[in-house]
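Student: Top line first, the protein sequences correspond to chains L and B. All residue numbers for the first sequence refer to the working numbering, where the first residue is 1 and numbers rise by one. All residue numbers for the second sequence refer to the working numbering, where the first residue is 1 and numbers rise by one.
Derived from the structure by calculation, the hints contain no laboratory data. Quick caveat, the model's predicted, so the values are computed rather than measured. Heads up, some of the hints might be wrong.
Said to hold, decoys possible - Examples of chain B residues lying across from chain L (beta carbon under 8 Å, computed):
{"#": "1", "residue": "Thr56"}
{"#": "2", "residue": "Leu91"}
{"#": "3", "residue": "Arg106"}
{"#": "4", "residue": "Leu279"}
{"#": "5", "residue": "Ala281"}
Using N, Cα and C, we set each Cβ at its ideal position, and we do this for glycine too.
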Amino acid sequence: MWNDVFTLAYREVLILTKIKIRILGLIFNALIWLVAMGFGLSPLLSISGVSYFAFLVPGMIGINLLFPSFFGASTLITDRQFGFLKEMLVAPIPRTTLVLGKALGLSFYATVSAAMVLAFSIILGFQINHWWTIPALIGIALLASLGLTCFGLALAIKIKDTQSFQLLGNFIVFPFFLLSGAFFPLDQAPWFIRYFSYINPITYAIDAMRQITLGIGHTPLILDLGVLFGFFIITLIVAAKLFDKSE
Amino acid sequence: MASKNCIIETKGLVKKFDNFEAVKDVSLCINEGEIFGLLGPNGAGKTTFLSVLATTLQANGGSAMVNGFDVSKSPDGVRKSIGMSFQDNSLDIDLTAKENLWFHCRMYHIPENQINEKISQALKLADLEQFADREIKKYSGGMKRRLEIVRALMHEPKILFLDEPTLGLDPQTRRALWEKIKQLNQEKGMTIILTTHYMEEANELCDRIAIIDKGRIVALGTSQELKKSVKGDVITLETRNNQAFAGKKFKFVKNTKLHNGEISLTVDSAEKRITEIVLFAKKSKIQIDNINLKKPSLEDVFLHFTGKTIREAELSAEGQFAERFKASKPELRAR
Ligand SMILES: Nc1ncnc2c1ncn2[C@@H]1O[C@H](COP(=O)(O)OP(=O)(O)OP(=O)(O)O)[C@@H](O)[C@H]1O
Ligand SMILES: [Mg+2]
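Generate the whole structure from the sequences, applying the supplied hints.
Tutor: The structure is reproduced here in structure tokens:
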């Protein structure tokens, strides 16, 4: 099974790396966010004793995870449109493995994008106290990304054209993006923002990353990780079930 | 009870798209080790039928067993027994030929140390060695077709489904592929089910042929048996008054069909009867523009069972599709 997951994931990554402009896009995206948000706002603010730039870094990592994870799932729709999905569907591979393999490949790519943000932040002066925080951050990013891609895949199974997926995706992703504690601390936010944030998996990813880098956060680390893991397992099962039914 | 030597057996199989029955009550037994042909016009339901057997579509009624596995209850068992080449593209267009073949080997668990060997064999067979590292989006239609077929053979499945394998191939390539199909069948004992529009292909390749029209099997047998079922030779006429011919009851004519400005008469020993027909025309002052004598072919078999030539059936199927297309829901069209 892990061999199959690897093969499927490898194919995803292979395709993504063939499109050179995507890699440039990733780097550019990461830089723009950091420079504009971090340097634009940080002289004005400081939160819980840390600079706004430092506060923002975990948020930026989370956001740069969200977009490629979720929208990467639209490749399932193009696989269907160009016919390759049929090759996967007649192969003697359980649907759960298909979903997991695709999710892992897309998550790998999203995690690279998040790691790039981290790398730029460090270059721009973000303090890392222990070397192990780097692999820990990447692990959290990967876990969060797996859940988000499975979530995207579950939708992509139901929605059969890319335009609708993009449109619906924007409706879903923007609240996730704005109400995640990426830009402001949640404890000072009004209750409706807070409540929404607590059903948003990105919130937990960002919270976990803030705790291990800055030592500030709202929820215990173990709860953060539990939520992310649970979200991944549930979306994986749902996506595999939907897949089984629809094809 | 399932008969012993049916490697594929369907009973009353039905597949619906909304309210439209694309496969209607098909019961069929395909023997182990045979080359079985599904012959029929566009929209007959060939692809749909194969897709149900290959587990990519789910049936709405009846049952289908493939290599002892029920398609709806143990699809994974079915998938392990089969290989399939599809009518439409199923290659990853962003990957190269080599990468596509590699992916296939991995999905079918071909041992790591055999993969390179398998890939070079397949590329050689498809005559695509020079293009091994070219992305599929830069391939021509025929190149894709060839790659698609050799890919389906790579894991040497027990049962091979080929949906229109030779569509769009040039004549030499088509011949070469026929040879390969026969060879796989004889040497490896592979059961092969293929669909085709081409009478000659069915005639040349298939041990048995099922003629499928509008989702139903209308005739089944060896090419010889099917031809015999037409019971006689066919005289085709084009005259200025076909109606008069159709109305005239010749004693020796077994079957009369009017279609597309032509009239077909089924008779025994057509050579002897042709003079009588010409005489009748002369007496009735009907001018004959064209007269043709044919020993039965599969084309005639098709005509015999469906009342249409395969071309006409395709045209009407397209018409029907156009109707359904207009009426269908937008999400169906988007596919
Ligand atoms: N996904 C679908 N949704 C709705 N109708 C469909 C779908 N797929 C096929 N059909 C209809 O089912 C019928 C059978 O189609 P099918 O593709 O099985 O025909 P076929 O015999 O393979 O034809 P061809 O020779 O053109 O490949 C057609 O009328 C077609 O319009
Ligand atoms: Mg077809």
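Student: Which hints from the list above does the structure break, by number from lowest to highest?
Tutor: The structure breaks hints 4 and 5; every other hint is satisfied.
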